[in-house]
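Chemist: This is what each chain is made of:
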Amino acid sequence: MELFQTGLSALYWGNVLMFLIACTLIYLGIAKGMEPLLLVPIGFGMLLVNLPLGDLMVSGGNGEMPGPLYLIFHNIIATELVPILIFLGLGALTDFGPLIANPKTLLLGAAAQFGVYIVFFSALAMGFTIAEAASIGIIGGADGPTTIFLSGKLAPHLLGITAVAAYSYMALVPLIQPPVIKLLTSKKERAIYMKPQLREVSKREKILFPVVGAIVIILLVPKSAPLIGMFMFGNLLRESGVTDRLARTAGEPFMDILVILLGITVGASMPAELFLKTRTLFIFVLGVFAFATATAGGVLLGKLMNKLSREPVNPMIGAAGVSAVPMSARVVQKMGQQANPRNFLLMHAMGPNIAGVIGTAVAAGAFLGMIKP
Amino acid sequence: MVDWGLAGRIGGIGFATVFVVLSVLALAVWLTGIVVQLTSRNREAPKPKRE
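So the sequence lines, in the order shown, correspond to chains A and B.
Counting from 1, one number per residue, gives the positions in the first sequence under this note's numbering.
Counting from 374, one number per residue, gives the positions in the second sequence under this note's numbering.
Excised from the complex, chain B in its bound form (with noise of 0.2 Å):
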């Protein structure tokens, strides 16, 4: 007999994990892309020259 209350969390709780997980990864790498662009940015800027 399946257990199907088991079945629906392993499956519910699989489903919503992949999602969570991939959303995370998505935000991580968006944040990423902000301050890899900023710094890199502010390195590219030319210092001011001392007058």
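Looking at chain A on its own, in the form it has when it is part of the complex (with noise of 0.2 Å):
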């Protein structure tokens, strides 16, 4: 018979890091508001599966059953599941009418993507695989659920180091946005003034988008389906106007569920001996540059629409092609109104939001498309 054991006889320097980083990510959440549904969830996760013996996250085997989470993780998680279903919610919850009213704003949310492809090169040179490379660069389209897709299918050994960067640095957005725009761009351009109302977007128009949507992406990219599929069915019941159950269930109550399971799990991923590898450091370094180099990507695409472009173009709206939903649009909106307290950019930056949400779906379509696991 095995005797009593407490935890502290198993604790190690790691397992004290992991703690300090934990409840960093849930002071973050609480005490700053920054992204809290999803950093005290990630942190709390991280700060219990560092616990020594808990054995929460143990896969079992032995006669011994497998850890809660370790089920959860491995049953929902790292399947498709999860993170098509999100979309689904994330469908009923976008408004697609700034986008529509600004279709060209779509081009903003492709050009953000430079950063995911930027960052699949540099992971390559650092000596990760193909495989490996493209559910790193995938970070930088700051899309969790589209992050834990590609890694799922490309790299699930990544799935939960890719994961808790991509949250993570979607929750930092507010503090890694802004020195790149500011580094682009001049005072005088962002106080560039944009009148605050876009055309008005009738109701035939929005029901539409979800079906021309569906239809057109995954025609020319199948492998975005699953995603953009879900996405685009979300929006449907949204917008239909005969489906609003569907969709406020989908939206909210069955989103929560999703984000408490994804979130506590994701955080349980990260147990010290995992997190504190040089490899897994390099992964992290490598998401800042991935948000950096796709925030860079944007703004230069504003800066040559607002050249081009009739109607003058705040170039700040380009850094809110990262999807990030709705944290970029907020920075941008911020910091428009701090360099010209008349602007108001939030619904101007919203359409290369969801263009981003749009465009790191796709670029996960044309990877899987291209590459074997």
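Pair ranges (Cβ atoms, derived): (1) A389/B x P373/A: 18 to 24 Å; (2) D95/A x G378/B: 39 to 45 Å; (3) L304/A x L411/B: 29 to 35 Å; (4) L304/A x V408/B: 26 to 32 Å; (5) G381/B x I215/A: 27 to 33 Å.
Covered, in the sense of this in silico footprint (three residues per stretch, anywhere, with C-beta under 8 Å from a C-beta of chain A), are these stretches of chain B: (6) 375-387; (7) 393-405; (8) 409-416.
Derived from the structure by calculation, the hints contain no laboratory data.
Note that CB positions come from ideal geometry on N, CA and C, so glycine has one too.
Got two chains here, separate frames each, mind docking them using the hints?
Modeler: The following block contains the structure:
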């Protein structure tokens, strides 16, 4: 018979370091209000898994039961299921109006995928395989579910790390993006005034968008079907006007359940033994680089659009092309008001922001179409 | 060893695909908007009265 054992005997400096990281995430979520719905569950999951002998994430075997969080992670999260169901909820919550009113902002969402490909090549240069590099690059899309979806298919062993990197950096968008935007734009450019009102989008256009969008995107990139299909389906539930109950359920209680399961298990997939490795740290560095270059790609196309367009375009709205909805749009709104108090850029930034979600799903589909796991 | 030729194709084709798909979608959205606005304008226009 085994004697009772406390966790203290198995505690080492790595666990303590992870407690500090976990507590920082929880602090940022609660005290600073930085994406609390993500950071609080992720931080707490990270804390729990680093308490020794709790066995929440053990894989079981030899007559032992797997840990409860392991069961959730491997049966629900690491499959395609949760990412695509989250996309259903996202679709039900998304108003495509700003994007339909100004379709050229879709190009800003495409430009922001620059970060995905730059980091894909950077990861290859650092010795990662092509499948791993694609999973790391997609962090630059700033889209947690897409990162999990792609990593689960191409590099399941990196899933926990890429997911934590994507979600943590999404929450840290207000810290990562402003220096890049300031570096690439002059004060005069940041102050460019855009009329606050976009054209009114009719109900019929909003209903047609998910149908047209699904047909166009999935025909061109079939492997994006799980993400784009669910995203557009969720949006059709919202806009049809006859399935409000389904849209509410998909976007609120159902989504909340998924976020709880996802947050705590993604955090719990980061034990010290896995996190404190050089490769993991490389991935986190590449993740920041991905966010920064994605922001740069959007801003640079924004500058070009401003030069070519008849109507003035504030290049900062390109930064919202990294998906991170609505954090990056909020960053643009705040910086826009700082540069010119008359400016109200939120709605202009929402177009590229939503386009970024679509762009990242397309980039993931393109990777899947070309890379065999 | 990394096959840089393959990686270049994946990266190049991938990024180009994202641009092409979102450009086609932008065009489709713009055209849909025009068609919807035209049809609703025609519907809203009062029919001429017969003398």
